[in-house]
Amino acid sequence: MSRLLEVVSLSKHYRKQLGLFRQTTIQALNNVSFSLGAAQTLAVVGETGSGKSTLAKVLVGIEQPDEGEIRLAGQAVTLSHYRKYNHVIRYMFQDSERALNPSQKVGSMLDHVLRFSTVLDEPQRQQKVLQSLQQVGLMDEHIDFYPHMLSAGQQQRLALARALILDPKILILDEALTVLDPTLRAQIVNLLLELQQKNGLSYLLISKNLRLVRHISDHCLVMQHGQVVEAGDTEQLLNQPQHPHTRKLMGLS
Amino acid sequence: MLLLDIRNLTLELETSQGLIRAVDRVSLSLREGEIRGLVGESGSGKSLIAKAIVGVLNQRWRIKADRFHWCGVDLLQLPFDQQRKIIGRDIAMIYQEPSKCLDPTALIAEQLHESIPNQLLKGGWWNRARQKRKKAIALLHKVGIKEHQSVLESYPYQLSEGVCQKVMIAMAIAKNPKLLIADEPTTALEASTQAQLFRLISSLNQLKGMSVLLISNELDSIARYTHRLSVLYCGQLVESGETARLLAQPFHPYTDALIKSVPEFQPDLAPKSQLYALPGSIPTLQHLPVGCRLGPRCPNARKECVHTPALERKQHHFYSCHFPLQYKEPQ
Numbered sequence: 001m002s003r004l005l006e007v008v009s010l011s012k013h014y015r016k017q018l019g020l021f022r023q024t025t026i027q028a029l030n031n032v033s034f035s036l037g038a039a040q041t042l043a044v045v046g047e048t049g050s051g052k053s054t055l056a057k058v059l060v061g062i063e064q065p066d067e068g069e070i071r072l073a074g075q076a077v078t079l080s081h082y083r084k085y086n087h088v089i090r091y092m093f094q095d096s097e098r099a100l101n102p103s104q105k106v107g108s109m110l111d112h113v114l115r116f117s118t119v120l121d122e123p124q125r126q127q128k129v130l131q132s133l134q135q136v137g138l139m140d141e142h143i144d145f146y147p148h149m150l151s152a153g154q155q156q157r158l159a160l161a162r163a164l165i166l167d168p169k170i171l172i173l174d175e176a177l178t179v180l181d182p183t184l185r186a187q188i189v190n191l192l193l194e195l196q197q198k199n200g201l202s203y204l205l206i207s208k209n210l211r212l213v214r215h216i217s218d219h220c221l222v223m224q225h226g227q228v229v230e231a232g233d234t235e236q237l238l239n240q241p242q243h244p245h246t247r248k249l250m251g252l253s
Numbered sequence: 001m002l003l004l005d006i007r008n009l010t011l012e013l014e015t016s017q018g019l020i021r022a023v024d025r026v027s028l029s030l031r032e033g034e035i036r037g038l039v040g041e042s043g044s045g046k047s048l049i050a051k052a053i054v055g056v057l058n059q060r061w062r063i064k065a066d067r068f069h070w071c072g073v074d075l076l077q078l079p080f081d082q083q084r085k086i087i088g089r090d091i092a093m094i095y096q097e098p099s100k101c102l103d104p105t106a107l108i109a110e111q112l113h114e115s116i117p118n119q120l121l122k123g124g125w126w127n128r129a130r131q132k133r134k135k136a137i138a139l140l141h142k143v144g145i146k147e148h149q150s151v152l153e154s155y156p157y158q159l160s161e162g163v164c165q166k167v168m169i170a171m172a173i174a175k176n177p178k179l180l181i182a183d184e185p186t187t188a189l190e191a192s193t194q195a196q197l198f199r200l201i202s203s204l205n206q207l208k209g210m211s212v213l214l215i216s217n218e219l220d221s222i223a224r225y226t227h228r229l230s231v232l233y234c235g236q237l238v239e240s241g242e243t244a245r246l247l248a249q250p251f252h253p254y255t256d257a258l259i260k261s262v263p264e265f266q267p268d269l270a271p272k273s274q275l276y277a278l279p280g281s282i283p284t285l286q287h288l289p290v291g292c293r294l295g296p297r298c299p300n301a302r303k304e305c306v307h308t309p310a311l312e313r314k315q316h317h318f319y320s321c322h323f324p325l326q327y328k329e330p331q
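Just so you know, the sequences run in chain order A and B. Be aware that the first sequence starts at 1, since it is given in this note's numbering, and climbs by one per residue. Be aware that the second sequence starts at 1, since it is given in this note's numbering, and climbs by one per residue.
Don't read these hints as lab results, they were simulated from the structure. Watch out, some of these pointers could steer you wrong.
Label-pair restraints from in silico Cβ distances [to be verified]: (1) K303(B) with V119(A): 53 to 63 Å; (2) K314(B) with G137(A): 30 to 40 Å; (3) Q127(A) with S42(B): 31 to 41 Å; (4) A76(A) with A244(B): 47 to 57 Å; (5) D268(B) with G200(A): 55 to 65 Å; (6) A244(B) with G37(A): 35 to 45 Å; (7) D268(B) with Q240(A): 36 to 46 Å; (8) N101(A) with K314(B): 48 to 58 Å; (9) D74(B) with D95(A): 40 to 50 Å; (10) Q131(B) with Q94(A): 40 to 50 Å.
To give a feel for the contact side, a few chain A residues facing chain B, derived at Cβ under 10 Å [to be verified]: (11) A152; (12) G153; (13) V189.
Note that beta-carbon positions come from the ideal geometry of N, C-alpha and C, so glycine has one too.
Throw the hints in and build the complete structure from the sequences for me.
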């Protein structure tokens with residue numbers, strides 16, 4: 001049986017202009033391969049500039065890879081049918097306060113997502129919006145709120161609702177948990193774990209907080225300069241790190 | 001002797017909705033050569049307290065305190081210029097986002113030279129520039145920057161966040177302050193640089209006997225480096241005491257929740273199990289609950305909690321709760 005998400009030798013580089021004729025290339029991703037099963041969490045750890053966020057962007061289709069293949073349930077993915085596969089992979093940004101449109105009410109923000117990518121009619125969409133608000137622990141009244149009227153934790157929940165409204169199979173959390181206050185983070189972590197158990201959601205967690213990684217992830221990738229230097233079972237990897245870079249990340253964190 | 005002794009500090013802001021009390025009767029005392037942690041979530045008034053100590057709060061804030069002593073001198077009673085003089089000599093502060101707090105239009109060398117006070121230099125004005133250059137290099141070495149020449153000749157945007165933060169610390173320790181206030185020094189940094197910085201701060205503390213007030217919103221990252229901790233919630237001091245004892249036996253339900261919400265402090269917690277979390281979220285400053293501000297979220301709140309609890313003391317451990325945890329009332 002094929003896994004939910006398979007990534008085979010993904011590469012991506014950026015060109016940087018250094019003047020009129022000179023340019024350098026930055027290898028953001030270099031031959032990255034991994035796979036993710038249903039109801040599992042894969043953590044990606046590494047320093048800034050190690051290509052974690054590029055990986056996430058390539059996966060959701062913000063950036064196009066140079067080489068390599070992304071397979072969803074055995075089927076290769078290309079940008080051309082983005083609408084079909086954005087149901088499956090959703091992305092949650094780091095700073096939810098800035099990722100939400102300040103001039104749009106909560107209800108219409110969620111509604112837009114549905115209008116763009118589904119064929120539901122008005123009452124169905126309405127129902128879906130309410131349902132997804134409930135799912136993340138917000139109330140029906142919040143539909144008429146603007147994002148600034150919500151607290152930081154509620155905004156994070158709203159961002160989560162926006163990601164979950166299309167019933168994705170995979171959710172990418174790009175440092176979405178690092179900026180939160182500790183007690184709020186515990187709430188969101190509990191919510192994510194509950195959703196995973198109930199709906200079989202898979203997460204790709206990008207984080208530098210290794211304690212959190214240890215707690216919620218099943219597998220772990222350690223990246224350095226766009227390359228995967230170590231991968232494996234989280235428990236095993238963090239207990240017996242092999243690569244010097246992993247040890248550096250751990251020993252000092 | 002107590003270096004800093006603050007009793008019942010209250011900071012109020014007058015707005016169109018009425019008076020907002022952002023910091024409510026917080027006491028804080030710091031001994032010489034101590035690293036004190038100040039922990040609280042965003043909006044709990046940590047940075048306000050730090051700014052009140054350095055005296056850079058906006059004019060609109062009303063500062064009231066029963067006692068605001070620095071080395072035995074009440075700072076609030078002093079005229080403004082004397083206050084500035086004392087603070088400028090003894091207290092240094094490093095800010096949250098180093099690359100934004102440094103002057104983007106000036107070279108690091110210029111900024112460092114500016115922060116070195118003339119009193120520390122010997123000789124006449126003619127060899128000041130040379131001495132400053134020498135001192136700046138020594139400062140950079142002290143904070144662990146080896147390639148001093150390239151750093152001195154660059155602008156803040158050319159340096160990484162971690163190096164910028166080190167430059168900030170170098171500027172702060174240039175005048176040999178008695179107290180260093182570090183306001184979330186590591187939030188913008190990655191894990192490995194974070195640890196480096198904390199080690200740097202604690203080595204400064206040990207070698208020079210510099211007191212440090214370390215402000216953070218995460219208990220786990222600073223617990224290892226502090227001697228004592230004060231925990232704030234919504235502008236109220238909920239608990240303070242020696243770090244080890246506070247972590248081992250918290251009296252306040254909020255401290256307890258903070259400790260339990262971190263997987264690291266719970267070694268026997270199974271992976272993927274639910275974390276302990278308080279319900280609800282932090283109230284906004286416009287809609288603060290009466291009495292104990294944790295009240296609506298507290299698991300064991302009772303009728304009495306509508307009155308603000310007084311700060312109680314048990315040996316060196318202060319807490320403000322009507323119903324402290326693990327504490328049996330005397331029969």
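> Hint by hint, which ones does this structure get wrong, listed from lowest number up?
Replying inline: Going through the list in order, the structure violates hints 5 and 7 and respects the others.
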